[in-house]
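S.K.: Sequence:
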Amino acid sequence: MSYTFDDLVNDVTTGREIHFLYKGKEYSISHSAHGSHLCEFYQNDHTFPTREELLTNGTIAGKNLRDICPHVEVLAIF
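Quick note: the sequence shown uses our numbering, first residue 60, plus one each step.
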């Protein structure tokens with residue numbers, strides 16, 4: 060079963076954290092008092108003030124999250 064953008068929206072807006080693979084690299088989406096974070100493991104961390112901004116403006120390899128969702132392998136959702 061593929062992970063859809065609607066799945067991502069639901070998970071992010073309810074405060075869940077997602078650990079996933081995309082093109083062989085590990086990424087995570089997490090949340091803190093400073094905002095929501097999109098991070099390639101041990102690399103770049105992009106912080107967005109709100110969860111909605113992460114969903115709207117978050118990109119990986121120049122592609123928005125909506126476009127990559129069907130191509131990710133979800134490893135864990137917390």
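Keep in mind that a hint or two might mislead.
[To be verified] Using 25 Å as the maximum straight-line C-alpha spacing, the simulated DMTMM-like pairs for lysine to aspartate or glutamate come out as follows:
1) K122 with E85
2) K122 with D66
3) K84 with D126
4) K122 with E111
5) K82 with E112
6) K82 with D126
7) K84 with E111
8) K122 with D104
9) K84 with D70
10) K122 with E132
11) K82 with D104
12) K82 with D70
13) K122 with E99
14) K122 with D70
15) K122 with E112
16) K82 with D65
17) K84 with D104
18) K84 with E112
19) K84 with D66
20) K82 with E99
21) K84 with D65
22) K122 with E76
23) K122 with D65
24) K84 with E99
25) K82 with E132
26) K82 with D66
27) K84 with E132
Hints in this document: simulated from the structure, not taken from any laboratory.
S.K.: Look at each hint and say if it fits the structure.
M.R.: Here is how each hint holds up against the structure:
no.	hint	verdict
1	K122 with E85	holds (16 Å)
2	K122 with D66	holds (18 Å)
3	K84 with D126	holds (16 Å)
4	K122 with E111	holds (17 Å)
5	K82 with E112	holds (24 Å)
6	K82 with D126	holds (13 Å)
7	K84 with E111	holds (24 Å)
8	K122 with D104	holds (16 Å)
9	K84 with D70	holds (21 Å)
10	K122 with E132	holds (16 Å)
11	K82 with D104	holds (18 Å)
12	K82 with D70	holds (21 Å)
13	K122 with E99	holds (14 Å)
14	K122 with D70	holds (20 Å)
15	K122 with E112	holds (15 Å)
16	K82 with D65	holds (21 Å)
17	K84 with D104	holds (14 Å)
18	K84 with E112	holds (23 Å)
19	K84 with D66	holds (20 Å)
20	K82 with E99	holds (12 Å)
21	K84 with D65	holds (22 Å)
22	K122 with E76	holds (20 Å)
23	K122 with D65	holds (17 Å)
24	K84 with E99	holds (7 Å)
25	K82 with E132	holds (9 Å)
26	K82 with D66	holds (19 Å)
27	K84 with E132	holds (10 Å)
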